[in-house]
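Given next are the chains, with one letter for each unit.
There are 4 protein chains.
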Amino acid sequence: MTPPHSASHHPVVETPIQVRYAETDAQRVVYHGNYLIWFEVGRTAYCERVGYPYARMEEEGIIIMVSEAHLRYRKSARYGDVVTIRTRMPQQRSRGCTFHYEVVLPDGSTAAEGETHHLFVQAATGRPCSVPPGIRDAFRAFAGV
Amino acid sequence: MTPPHSASHHPVVETPIQVRYAETDAQRVVYHGNYLIWFEVGRTAYCERVGYPYARMEEEGIIIMVSEAHLRYRKSARYGDVVTIRTRMPQQRSRGCTFHYEVVLPDGSTAAEGETHHLFVQAATGRPCSVPPGIRDAFRAFAGV
Amino acid sequence: MTPPHSASHHPVVETPIQVRYAETDAQRVVYHGNYLIWFEVGRTAYCERVGYPYARMEEEGIIIMVSEAHLRYRKSARYGDVVTIRTRMPQQRSRGCTFHYEVVLPDGSTAAEGETHHLFVQAATGRPCSVPPGIRDAFRAFAGV
Amino acid sequence: MTPPHSASHHPVVETPIQVRYAETDAQRVVYHGNYLIWFEVGRTAYCERVGYPYARMEEEGIIIMVSEAHLRYRKSARYGDVVTIRTRMPQQRSRGCTFHYEVVLPDGSTAAEGETHHLFVQAATGRPCSVPPGIRDAFRAFAGV
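Chains as they are written, first to last, in our numbering: chain A, 734 to 878; chain B, 734 to 878; chain C, 734 to 878; chain D, 734 to 878.
Don't read these hints as lab results, they were simulated from the structure.
All figures in this text were calculated on a predicted structure; none of them were measured in a lab.
Be a bit skeptical, because a hint or two may be false.
No copy labels: a pair is met if it fits in one copy or bridges any two.
To be verified - Below, in silico cross-link-like pairs of lysine to any residue (SDA-like), each with a Cα-Cα straight-line distance of 20 Å or less: (1) 808 <-> 855; (2) 808 <-> 828; (3) 808 <-> 877; (4) 808 <-> 838; (5) 808 <-> 778.
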């Protein structure tokens with residue numbers, strides 16, 4: 734198991750996002766709640782890279798639910814900035830997995846970082862289930878977890 | 734048929750909303766896109782008052798879709814303001830209806846107003862359909878349309 | 734003056750957007766209010782292409798406000814779709830301008846289209862003002878309006 | 734210092750929120766990112782109850798920034814549900830404070846809970862500062878921290 738905060742050998746998927754005006758707030762910076770949306774954009778890109786986009790999981794009767802989210806804010810992002818979401822999967826468990834995210838500003842500094850924890854759920858029953866072998870192996874092969 | 738902009742005799746449902754920080758943008762006022770969300774909050778309250786909340790329509794196999802939206806912005810709303818959404822239904826048609834909204838600031842002036850046009854759709858087929866008689870009569874009795 | 738709905742010779746700026754999970758709603762399609770956010774993404778790209786991004790306008794003491802928005806919905810967009818925002822400026826006026834948008838689905842059909850009307854405002858006074866010549870000429874040269 | 738997760742004697746401010754359609758996602762439940770917005774609604778109500786709304790802090794040259802956020806999701810909230818945000822302040826520090834939130838469903842069960850950590854910042858300089866005595870004492874008197 735890799736500590737979630739370590740600089741790590743896990744492959745990183747990078748996703749650029751240009752800050753939208755709608756994402757700013759009256760402090761003239763990106764509203765802190767929007768980082769969870771960006772995390773999901775990074776997670777989507779990660780799953781696509783692995784070859785297992787959400788849509789494919791849903792076709793196989795599996796839903797990924799968010800069980801926890803943790804965010805640490807360092808610096809502000811502003812309208813028009815092109816930030817980069819750096820997503821990796823430090824951990825896969827029998828019934829879930831963890832993603833780690835870093836939001837990098839144009840100058841290379843970190844705006845925020847955090848993790849989300851997920852559970853695999855059977856769409857039909859709504860109950861947590863083991864990660865199906867096909868999904869487990871695809872992520873294992875890509876992420877080395 | 735009542736012209737949609739007229740001051741009218743149609744009953745109005747009023748819904749107070751306190752502006753959230755997340756709803757502001759870098760101009761330090763409410764982001765213009767959020768008025769469509771407020772319109773929906775007003776519409777929800779209206780349908781509840783009529784006795785036909787969305788949930789009941791869905792149970793009866795009916796979905797309301799938005800086919801058009803029109804917004805005219807007059808003044809800015811700010812974080813912490815308690816605005817009032819004044820919602821009325823100026824028109825019901827065989828296959829749809831129109832809602833009109835006015836967003837009123839604490840000083841009584843108008844922040845924005847507009848309309849949304851809706852089509853009734855059968856959930857099972859995804860096709861437009863006539864307004865079911867039960868819904869039609871409930872709104873007619875309340876709205877006088 | 735060009736009618737806002739006409740197929741027109743005005744240059745179009747295309748912006749791809751991949752639908753985010755956060756942008757969907759319980760009807761499993763993109764929430765109708767999010768199209769105003771996408772229109773703004775298209776407008777931002779348009780202004781950048783012209784060489785007059787918002788940031789440059791603000792530096793020159795000018796703010797663009799939205800005075801009206803109109804949206805017509807045709808088909809639904811879904812999570813994961815890459816839609817294209819096609820933005821053009823059919824009209825420039827002495828104190829404002831109009832943008833037109835079309836949101837195109839992966840199969841080439843139109844999900845929605847609409848217009849936003851804008852006023853130029855002096856940041857210092859908050860009052861509407863004439864379009865500054867530098868901005869007017871830049872948009873005129875690009876848009877042919 | 735009170736452990737942040739303990740059932741505690743700290744006074745709780747309750748804020749009802751009716752779930753908006755815009756807050757749902759394609760899983761037909763409230764999008765997980767929206768809980769941070771609800772936390773802020775709870776925090777706003779808490780500060781108002783204390784007699785120190787954000788606006789008053791800003792007038793005194795102080796901004797509250799979010800430095801960390803933690804969320805644990807238990808059950809789903811759905812469109813139309815009236816949830817209650819239960820907000821308390823388990824901890825005040827020399828340069829910041831912590832809020833704790835619980836989102837309670839209509840049946841009394843917990844949808845989610847979490848904490849946000851905050852730093853006080855001088856608006857003029859953008860630098861962290863000690864909690865001004867007036868603010869410190871007002872929160873101490875109310876929250877018992």
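Alpha-carbon proximity context of residue 808 and residue 877, limit 20 Å: neither (31 Å within a copy, 31 Å between copies)
Quick one: residue 808 to residue 838, C-alpha cut-off 20 Å, is that within a copy, between copies, both, or neither? within (9 Å within a copy, 34 Å between copies)
Up to 20 Å CA-CA - residue 778 versus residue 808, copy category: neither (24 Å within a copy, 25 Å between copies)
Status of residue 828 relative to residue 808 across identical chains (alpha carbons, at most 20 Å): between (34 Å within a copy, 17 Å between copies)
Classify it for me, residue 808 with residue 855: is the Cα-Cα distance of at most 20 Å met within a copy, between copies, both or neither? Between. Shortest inter-copy distance 15 Å satisfies the 20 Å Cα cut-off; intra-copy 38 Å does not.
In this structure, the hints that do not hold are numbers 3, 5, in rising order.
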